[in-house]
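K.L.:
The lines below spell out each chain.
There are 2 protein chains.
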Amino acid sequence: MIGEIIAIGDELTSGRIANTTSVFAARQLFLAGHEIYAMHTIGDTPKLIGEALKRAINRVDFVIVTGGLGSTTDDLTNEAVADALDRPATLNKALLEKIRSQLQGGTTQLRGLEKLAWLPEGAEVLNADERMAGYMLVHESTPVFFLPGVPFQARKLLVDYVLPIISSWTENSGKHILMRLYKTVGLPEYAINQRLSRIEADNQVNLGYYPVDSEVHVSLTVANQDGGVTEELFTRTDQKIRQALGRHLYGTDQETLAGVVGKILRKNALMLSVAESCTGGLISSQITKVAGSSSWFNGGVVAYSNHVKEIMLDVEHQLLVDHGAVSGQVAQAMAVNLARRTGSEVAISVTGIAGPGGGSAEKPVGTVYIGLFMNNEVSDTLYTFAGSREEIQAITSQTALNSVRLALLT
Amino acid sequence: MIGEIIAIGDELTSGRIANTTSVFAARQLFLAGHEIYAMHTIGDTPKLIGEALKRAINRVDFVIVTGGLGSTTDDLTNEAVADALDRPATLNKALLEKIRSQLQGGTTQLRGLEKLAWLPEGAEVLNADERMAGYMLVHESTPVFFLPGVPFQARKLLVDYVLPIISSWTENSGKHILMRLYKTVGLPEYAINQRLSRIEADNQVNLGYYPVDSEVHVSLTVANQDGGVTEELFTRTDQKIRQALGRHLYGTDQETLAGVVGKILRKNALMLSVAESCTGGLISSQITKVAGSSSWFNGGVVAYSNHVKEIMLDVEHQLLVDHGAVSGQVAQAMAVNLARRTGSEVAISVTGIAGPGGGSAEKPVGTVYIGLFMNNEVSDTLYTFAGSREEIQAITSQTALNSVRLALLT
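Chains S and D, in that order, give the protein sequences. For the record, in the first sequence the residue sitting at position 28 is 27 according to numbering that gives the first Met the number 0, with numbers rising by one throughout. For the record, in the second sequence the residue sitting at position 282 is 281 according to numbering that gives the first Met the number 0, with numbers rising by one throughout.
It should be emphasised that the hints constitute simulated quantities derived from the structure, not laboratory data. It cannot be assumed that every hint is accurate.
[Unchecked claim] Over the 12 Å line for every Cβ pair with chain D, so calculated as not near, a few chain S residues: (1) R241; (2) Q317; (3) R340; (4) T398.
[What the hints assert, rightly or not] Cross-link-like lysine to aspartate or glutamate pairs, in silico, DMTMM-like; alpha carbons within 20 Å at most: (5) S:K46 <-> S:E120; (6) D:K239 <-> D:D212; (7) S:K288 <-> D:E389; (8) D:K53 <-> S:E389; (9) S:K288 <-> S:D252; (10) D:K288 <-> S:E34; (11) S:K114 <-> D:E188; (12) S:K155 <-> S:E123; (13) S:K239 <-> S:E199; (14) D:K155 <-> S:D212; (15) S:K46 <-> S:E78; (16) S:K53 <-> S:D85; (17) S:K155 <-> D:D212; (18) D:K155 <-> S:E120; (19) S:K288 <-> D:E390; (20) S:K53 <-> S:E120; (21) D:K46 <-> S:E389; (22) D:K92 <-> D:E50; (23) D:K114 <-> S:E315; (24) D:K288 <-> S:E389; (25) D:K114 <-> D:D82; (26) S:K288 <-> D:D212; (27) D:K239 <-> D:E188; (28) S:K46 <-> D:E34; (29) S:K266 <-> S:E344; (30) S:K155 <-> D:E390; (31) D:K288 <-> S:D237; (32) D:K114 <-> S:E188; (33) S:K92 <-> S:E123; (34) S:K114 <-> D:E199; (35) S:K155 <-> D:E123; (36) S:K97 <-> S:E113; (37) D:K155 <-> S:E390; (38) S:K362 <-> S:E390; (39) S:K92 <-> S:E113; (40) S:K362 <-> S:D321.
Positions of the beta carbon are idealized from the N, C-alpha and C atoms, including for glycine.
Modelling step: build the complete structure from the supplied sequences, incorporating the hints.
P.N.:
Laid out in structure tokens, this is it:
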């Protein structure tokens with residue numbers, strides 16, 4: 000089925016907030032085999048909301064609208080629906096009762112929240128048991144789903160209600176689609192493109208190229224009426240892609256670089272520690288976003304000041320004086336001493352200049368040393384990165400994690 | 000002026016990548032006094048690109064298109080422009096020469112990149128000196144800016160070329176606009192709304208409410224033909240808002256919670272250290288995103304395992320056995336011992352259960368203790384947060400930073 004997503008909110012058209020919900024919805028729908036005709040973002044203006052809604056209802060199979068359902072005075076979606084689709088707001092008494100019972104008194108609060116119980120005529124509340132705005136409306140045979148703008152609420156309603164409803168209509172229809180996302184590090188986009196250009200020439204498969212921070216992601220999509228053909232073609236192309244990308248391919252789909260590093264460490268029963276100077280906790284943070292990382296990550300030190308490098312990581316004062324904090328010698332000392340202290344088999348360290356200040360002619364902003372302790376040996380590598388402070392921190396973090404991955408694979 | 004933004008790429012409509020460039024563009028344009036009629040995201044389909052482009056050209060004053068200008072085979076924007084606007088691709092010889100001279104040989108590379116020198120008829124290259132795709136085209140009196148999909152390139156071209164060009168057309172026209180974003184922590188959206196509802200009733204000013212993670216941001220926009228009236232109204236409303244929000248207001252516009260904490264610390268010549276268990280480096284990472292944070296942040300320990308809590312933070316083994324790692328006693332020990340070791344005047348610690356595993360009936364997922372050492376005294380507070388692993392880590396990190404802010408203000 001083909002759908003359209005409309006996100007509503009002045010906070011979005013004025014660029015104050017990134018629209019993460021539409022992205023999430025698009026991804027889930029795409030993975031379920033649907034196509035997104037277009038995604039729109041419009042302000043809290045009932046007239047524009049109505050126009051976009053009517054246009055979408057006329058040309059696609061389903062519409063998802065997010066935002067503008069809240070209790071504050073700038074939430075105008077229901078008003079727009081009432082006007083544009085001629086469906087006046089009516090009081091949903093069951094919903095009102097529920098809001099009242101959940102509030103335990105507090106009449107001032109209630110006045111604001113009562114607004115949530117007024118829905119357009121014909122609206123069916125998506126979730127009878129949870130305290131979230133969200134309803135479905137079938138207008139001129141086209142289902143329209145209205146979800147709140149609060150990301151986690153919209154996501155929950157989408158996954159628990161919207162996707163199952165859409166899927167129940169489309170089972171056994173349309174093409175069989177298989178899709179995989181290949182995630183690479185260490186090569187620029189055009190080099191990845193060249194490695195895969197022959198595979199792409201086969202026009203039964205579709206490849207997309209997406210630089211993401213310093214990674215390049217490649218999507219493979221195979222679609223065919225015959226499920227057997229889809230699968231055979233997918234398997235064959237998958238092998239070719241893996242061969243062409245080699246070690247630059249670190250994972251697929253939802254895998255993260257930190258998650259992949261963790262998988263390899265756990266398989267080898269190794270523990271990791273991290274000593275960070277210029278990345279200031281980013282590497283550890285990416286690691287601990289992975290659920291279950293405690294089984295392969297001990298922790299480490301954010302050695303931002305030289306004093307912390309000395310007292311927490313036993314970096315000798317004279318070493319800092321002789322070579323500077325940003326040096327291969329200090330990177331090595333940080334890694335080996337952290338491993339020794341924590342008893343970790345693997346330790347990684349970074350020390351560098353993320354900018355915007357702190358650079359010199361000899362060591363400009365972007366100069367980074369990464370130290371690696373493994374198999375009782377320590378080494379360091381010098382990198383020169385470019386970009387803003389956050390970009391340099393991000394690529395340093397990623398390069399450090401990738402160094403661990405490549406070393407573990409050897 | 001009123002504009003429209005069109006972002007192109009299958010990676011966007013399939014939800015694989017969030018469209019950060021449109022958000023950035025919308026924000027910059029809004030702050031420069033322009034209005035965004037709508038933002039659209041469409042796939043790499045020349046027909047759809049052409050339709051969206053023609054519709055936008057007919058109804059707004061300027062159009063910004065991002066994406067699809069690269070060298071890979073799925074970049075189809077120029078093709079779409081050629082068809083939809085009847086402007087065939089023509090070779091820009093100066094551009095080709097530049098690409099050639101920058102490549103230093105490498106004919107295989109060149110073949111891929113030569114594509115970048117073919118632009119729609121009438122296109123003017125935005126930046127003669129840099130190696131970035133990007134051009135302007137005036138079609139039926141409407142300027143259309145084509146920018147690359149790579150975020151940092153699009154941002155640079157937008158700030159350096161597009162905004163100055165648009166501003167040069169609009170100087171001294173239109174309304175005088177003043178805008179400020181108020182960032183709050185610790186109150187839900189409806190409570191903020193209630194505090195500000197009287198101010199909002201004054202319909203010469205516009206307030207918007209935006210929950211962002213666990214913060215609520217409030218925008219104030221004042222627009223008037225008379226610059227004096229705008230300023231007077233803005234100043235008066237600003238005072239009222241600050242009074243109504245009190246200590247829940249931590250900063251405005253581009254300020255971050257970590258940046259505000261840093262400002263107060265620096266003013267008081269205090270140094271901060273952080274000991275993190277369940278946030279795993281996130282607090283330190285948010286702190287070190289702030290440029291110049293080395294003048295108020297020493298660093299700290301990511302004490303993920305109990306072993307690291309013992310050896311790096313001197314948490315007594317018996318304390319961990321008696322109370323568990325997730326306890327007020329351990330949070331206090333982490334904070335006070337870290338301060339002692341690093342010599343920091345202020346130290347914050349967190350220990351908790353971010354989930355999805357690790358919870359129990361007594362200490363469910365979301366149980367978090369935050370320890371605070373300041374003025375040679377240590378305290379701890381118990382919180383019970385809800386959400387996914389990443390959400391619990393995010394709100395813990397924010398609550399910890401806010402605890403430091405509130406304590407410093409007292």
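K.L.:
Now look at each hint and say whether the structure bears it out.
P.N.:
Results for each hint:
no.: 1; hint: R241; verdict: 19 Å, holds
no.: 2; hint: Q317; verdict: 20 Å, holds
no.: 3; hint: R340; verdict: 6 Å, violated
no.: 4; hint: T398; verdict: 16 Å, holds
no.: 5; hint: S:K46 <-> S:E120; verdict: 19 Å, holds
no.: 6; hint: D:K239 <-> D:D212; verdict: 25 Å, violated
no.: 7; hint: S:K288 <-> D:E389; verdict: 6 Å, holds
no.: 8; hint: D:K53 <-> S:E389; verdict: 37 Å, violated
no.: 9; hint: S:K288 <-> S:D252; verdict: 17 Å, holds
no.: 10; hint: D:K288 <-> S:E34; verdict: 38 Å, violated
no.: 11; hint: S:K114 <-> D:E188; verdict: 14 Å, holds
no.: 12; hint: S:K155 <-> S:E123; verdict: 17 Å, holds
no.: 13; hint: S:K239 <-> S:E199; verdict: 11 Å, holds
no.: 14; hint: D:K155 <-> S:D212; verdict: 16 Å, holds
no.: 15; hint: S:K46 <-> S:E78; verdict: 10 Å, holds
no.: 16; hint: S:K53 <-> S:D85; verdict: 11 Å, holds
no.: 17; hint: S:K155 <-> D:D212; verdict: 15 Å, holds
no.: 18; hint: D:K155 <-> S:E120; verdict: 48 Å, violated
no.: 19; hint: S:K288 <-> D:E390; verdict: 10 Å, holds
no.: 20; hint: S:K53 <-> S:E120; verdict: 16 Å, holds
no.: 21; hint: D:K46 <-> S:E389; verdict: 37 Å, violated
no.: 22; hint: D:K92 <-> D:E50; verdict: 29 Å, violated
no.: 23; hint: D:K114 <-> S:E315; verdict: 54 Å, violated
no.: 24; hint: D:K288 <-> S:E389; verdict: 6 Å, holds
no.: 25; hint: D:K114 <-> D:D82; verdict: 17 Å, holds
no.: 26; hint: S:K288 <-> D:D212; verdict: 16 Å, holds
no.: 27; hint: D:K239 <-> D:E188; verdict: 18 Å, holds
no.: 28; hint: S:K46 <-> D:E34; verdict: 15 Å, holds
no.: 29; hint: S:K266 <-> S:E344; verdict: 13 Å, holds
no.: 30; hint: S:K155 <-> D:E390; verdict: 14 Å, holds
no.: 31; hint: D:K288 <-> S:D237; verdict: 39 Å, violated
no.: 32; hint: D:K114 <-> S:E188; verdict: 15 Å, holds
no.: 33; hint: S:K92 <-> S:E123; verdict: 13 Å, holds
no.: 34; hint: S:K114 <-> D:E199; verdict: 17 Å, holds
no.: 35; hint: S:K155 <-> D:E123; verdict: 46 Å, violated
no.: 36; hint: S:K97 <-> S:E113; verdict: 10 Å, holds
no.: 37; hint: D:K155 <-> S:E390; verdict: 14 Å, holds
no.: 38; hint: S:K362 <-> S:E390; verdict: 18 Å, holds
no.: 39; hint: S:K92 <-> S:E113; verdict: 10 Å, holds
no.: 40; hint: S:K362 <-> S:D321; verdict: 15 Å, holds
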